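Enquirer: Spelled out from the first residue to the last, the chains are:
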Amino acid sequence: MNIRMISKFAAGAAIIALTAGAAKAQESVEVLHWWTSGGEAAALNVLKENLQKEGVAWKDMPVAGGAGSAAMTALRARVTAGDPPTAVQLLGFDLRDWAEMGVAANLDDLAAKEGWDKVIPAALQDFSKYDGHWIAAPVNIHSTNWLWINKAALDKAGLQPPTNIDEFIAMLDKFKEQGITPIAHGGVPWQDGTMWEAVVLSIGGPDFYKKAVLDLDPEALSGDTMKKVFDTMSKIRTYFDPNFSGREWNLSTAMVIEGKAGAQEMGDWSKGEWLRANKKPGTDFVCIRFPGTQGSVLFNADQFMMFDVGDDQRDAQLKMASAVEDPGFQIAFNTVKGSVPARTDVSDEKFDDCGKKGMKDLAEAASKGTMMGSLAHGYAQPAAIKEAMLDVITQHLNGQLTTDAALKRLPEAVAAAK
Amino acid sequence: MSFLEIKDIRKKIGNVEILKGINIDLEKGGFLVLVGPSGCGKSTLLNAIAGLLPPSSGDIVIDGQVVTDLHPSKRDIAMVFQSYALYPNMTVEENIAFALEMRGVDKAAREAAVKQVAKTLQIEHLLKRRPSQLSGGQRQRVAMGRALVRQPRVFLFDEPLSNLDAKLRVEVRAEIKALHQNTHATIVYVTHDQIEAMTLATKIVVLKEGTVQQVGTPSEIYNRPANLFVADFMGSPAMNMLKGRVVSSGGAQAIALFGNENVKVAMPPSVTKSLADGKEIILGLRPEAITDTGLLDPQVRSVAQIVADVSMVEPTGSDTFVTGKLDGASFTARTRADVHVSVGQKFPFAFNLDKAVVFDPETTGRID
Amino acid sequence: MTTIEPVPVVEPQRQGRTFADGLRNALPKIVLAPSFAVILVFVYGFILWTVYLSFTTSRILPVYKWGGFDAYFRLWSQPNWYVAMQNLAIFGVLYIGICIALGLFIAILMDQRIRAEGVLRPIFLYPMALSFVVTGTAWKWFLNPGLGLENTMHHLGWESFRFDWLVNPKMAIYTVVIAGVWQASGFVMAMFLAGLRGIDGEIVKAAQIDGASNVAIYRRIIIPLLRPVFLSAFIVLAHMAIKSYDLVIALTGGGPGNATELPSTFMYSYTFTRNQMNVGSASAVMMLMGITAIIVPYLYSELREKKQ
Amino acid sequence: MSAANETISAGSARTARYFIYAALIILAVVYLLPLYVMLTTSLKPLDEIRGGDMLALPREPSIAAWVRAWGEACIGVSCVGIKGYFWNSIKMVVPAVIISTLLGALNGYVLTKWRFPGHKIVFGMMLFACFIPFQAVLIPMARLLGLMGLSNSTTGLVMVHVIYGLGFTTLFFRNYYEAFPDELVKAAMIDGAGFFRIFWRILLPSSGPIIVVTIIYQFTNIWNDFLFGVSFAGGEASPMTVALNNLVSSSTGVKEYNVDMAAAVFAALPTLFVYIVAGRYFVRGLMAGAVKG
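Protein chains in written order, with the working numbering: chain E, 1 to 418; chain X, 1001 to 1368; chain Z, 2001 to 2308; chain P, 3001 to 3293.
If we strip away everything but chain E, and leave its shape as in the complex, we get (with noise of 0.2 Å):
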């Protein structure tokens, strides 16, 4: 080997390595997210717009994978380097966990001067503040009790969209005579949740839903009624398809649109697939409040948690936040993402029958009070709750727990991870 021509090439190499990774642009924002699906970065792509219309440069930073368990990490990395992001999107109660770590940015003047406290449903200020400040922005509040069908297999079983548990069972006895998969599931613990959550609102009630997932009550964890959820939930797994495990999510919603499957338990973000598909609600497909949880929200919003970057980037970070709040904005996203906005003030003239109707639900319960946080998603329990709960849930779902077990093992769960 030419050593003389090694040395040249080390010494370029080193050149590049101390080069690279320099020069940082003047008005810019960082955005850690895991929005890479199609439907999601399509929505995201609005807001990068309009901050570069207003001269903020997008640096953008996807990690995608495992729910934004990559993304996580990532942050902590850059959390700890002392180097955050300006704006990471955050669920519900890590939005807490960080700010309680004193990483936060105060939005209070802009929130003030934008008057947020008055359009953002208090449910969702809980988490967007934190003791009594703005923190972050939130985008678009999501709901998890959805069920979307195929309209074209609904119609061909000759069914109206179930209303209850009994009925939800019959129509996907339908499916199956039909040939194709009842309903699409990815077995990933987040999505385990999602269909559990629901069931437990469909079987419980919004109060039943409120002492076991809310206020972890262990009789409710482990009584009659959480029985019967269990006892649901196996149900539902003969209905699977057999290469349901580690699917992702938008992958089993292109099994409905496609018609190979009948119908999906997901929250409303599915539908920017249908969007992206070409596909019309009414027509295409159905969307319904997960059978027996009508009148009922559980709720998830991306929020873009603003993080303490120091006052050279504090004009973008503010542009952004502004940005976000933005109902023109707020209209834009949210039509394509699938969720409504995050502000109660803005039309629901441009979303399409379903979109409407998930403004409509929103409204009714959040005057209701049932308008709970959904424990798939951050907004019941801080993490390590969460997943010790998702653990019980999706060993259960798998067989590796039977029910009587799987009723024993989550108010331990829970106990344990408090």
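If you're looking for bench data, these hints aren't it; they were derived computationally from the structure.
Don't take every hint at face value.
Below 25 Å or equal to it, Euclidean Cα-Cα: the simulated DSS-like pairs (lysine-lysine) are [claimed, not checked]:
| id | chain 1 | residue 1 | chain 2 | residue 2 |
| --- | --- | --- | --- | --- |
| 1 | P | 3120 | Z | 2029 |
| 2 | Z | 2170 | X | 1074 |
| 3 | E | 408 | Z | 2170 |
| 4 | X | 1028 | X | 1203 |
As the structure is a computational prediction, the values presented were derived from the model and not from experiment.
Based on the hints, put chains X, Z and P in the right spot on chain E.
Expert: For chains X, Z and P alone, coordinates are given in the frame of chain E:
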């Protein structure tokens, strides 16, 4: 004044003292051979002279300059290694020129020097080859060339012939000798082979367990070994060591051999002092000092004739070695090649006492 | 009157140690020092830090409030942790055992003066070149009952063929073993091949003259001579088994349920997604203790053996 | 040593050889399957993938998916393919491999040819560093990188890879140089070469096999790393593996398996290339010392 002085060199590695105070002087142009069995410390001493292994105490002086603390490259020495240590990635030419290059000699001068050395060693045709393409003998020459080109104050050789086959070894040995005679270089040479030591050296140092046993010319070492170890180590077949006792015989001292009062030989002339009667001694006789009576040098003054049983006959072509046995002890004699003797026969051996030496079994030292 | 002049004693000129000499003597240590310092800080410092963290109340980010053995109590009361340990035992034994057996087998075949060695060698080696981030999708497909091998067999007419380990919680860990063996056995093969090539041919000739059959030569002479390679392979594989992470995440994500949880995935999820950093650190300390138990005796014997 | 079968009879020898070749070919086919699936899938149009058999050859091979993966596929909000990330990886791998190999060679040189009291302990401690699980060092590493101002930069990432590669590179070179004759070093010392000159002129030029092993090992490990990449290099500076992960997780309702696979092949190409080209030297290099561990 001596050119190379080794002053009280000691070396301890861990708790083991490998060199226990070595003192040697060598004149300019001398050929010093360090000889001894493996583990005697000869290589350690050579490494200390080279500067590759710092001694624990003592000094190395070359040409009046204390070099003990100097880096090997600043001692102006050259070394030929047992494995030759040719740089595998360089051609023969580059190998020989490397030391000059390190010393900043310009290219033209280097080439001239390499050419000169290659000519001396007759390796001109090998210059462009790499070490892996050379035979053992060729590598050996290149290794010497690498040392010669430097024209150092002292050459160090670390068992340079041990990797060669027997025939080549004799040839190269002769070449080294010729080289020394032509260049008058000062050489320190390590070997465990006593024939190499005898043929090459102007001065031999016999080492054992980190101490000097004897320093002397080859003939001193051979003929007047300082102790039993040296006597046994130098020479092949080894010197006969015959147990005996001092007795008085007709007013003169004599030695009774083989524990037999009747087998008596005169006290060898090498012993000048008077010994007490009954003292146990060891009589050392080289095999060539025990012969058949016909081979005896007529000039010899003191001879004893002893008849013994023949237990083995080993013809080598030039000589025949005959093993004699008497009263349970055996000795080797060097006789004429055409001697008529066969195993089991009684044979008269002539003991040449002029060449005999006497040792004290208690101190193992030679008695003069 | 004459006076006898004393003969001047000429003291040999002594060349003392200069600063340059001192520098030269220290140079090797100076060269090694940065690497060693870096290792001290970035490995041993971080280990100490992790140990400390396991005794704190850290959840989302490191905090330095003392929490005693709480994290360890939590760790050992997690059913997940026991699953992870049990899986590591199953995975470790099978992964190391099969890799060594298969690697040795292929190496012996490859050592029979095979013509196409130059083609075959990279085929067995290439899996080591690829990360599971790259091959994960292909593997998931391959093992997926609806898309992969089972589907292919059905296409070929073997309708009753079942291969649903990936989605079967009882069998999923074995799919992880399959993929792991696929990745590492070629590397082990290369190690054994190198070992076989390094054996002195005269020993084999001597055995042949002694009348040993081929099988006997391998069983009695060659394989025992490969002992150091077995040891190296074991160490390499053991540390890969303990560190296996990409493999599990790409194939099963730890599922179905928690059926393929390993200590490495456990540690990652508790530290980074479950906001129980102290428990994650405690599990890291446990893993480090496990690694130490394997490596330190090995290092000790290796480094002592070479002393002469 | 090679093949001990000269003494058995011709007939059984032939049967044995058939068995050997059959076994090797079957094994080779099994080992190749994942790569085969990746390659064929990347060449198939989507319809064919969805309808067909995973193992079937493409009916209408097309490199459209490769073109998309390289220059058009969406990663996050930007749709410019993976080519930029490919160069990111190169910028990270090349300096990291060179620096860690060079340092490993120097360390191995010192630990074998310039021994000092305690060299075994130093080596043992460096070796143990190979075995630390990387997940455990992420957070403190992030903190130190932040303090050094290297957070979120390629320089920082290069440094991380160099540090955690040092144990392995030192191990490889130490074992190799252990067998390198001390006499050569002594001869060079007497010839007047210093510490670095001996290394540069005598040892390094003879280290071909072990340099190959080290480069293969380091190149593969660093190129394939995901954890450090995702944690320490943000956004546009991300290495290939992180981008690939994002790409595979990005989909437009219908998962473009062919594009995913094409991107995966791009991510695999450099390491595959290195293994195939240098594979023969790899076994040789392992023979030359690395196996002794």
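Enquirer: Now look at each hint and say whether the structure bears it out.
Expert: Here is how each hint holds up against the structure:
For a cut-off of 25 Å, the pair hint linking residue 3120 of chain P to residue 2029 of chain Z stands: about 13 Å separates their Cα positions. Restraint check: the Cα-Cα separation between residue 2170 of chain Z and residue 1074 of chain X comes to about 73 Å, which exceeds 25 Å; the hinted pair is violated. Between the alpha carbons of residue 408 of chain E and residue 2170 of chain Z the distance comes to roughly 21 Å, so the proposed pair stays at or under 25 Å and holds. Proposed proximity of residue 1028 of chain X and residue 1203 of chain X is supported: the alpha carbons are some 12 Å apart, at most 25 Å.
In this structure, only the earlier hint numbered 2 is contradicted, and the remaining ones agree with it.
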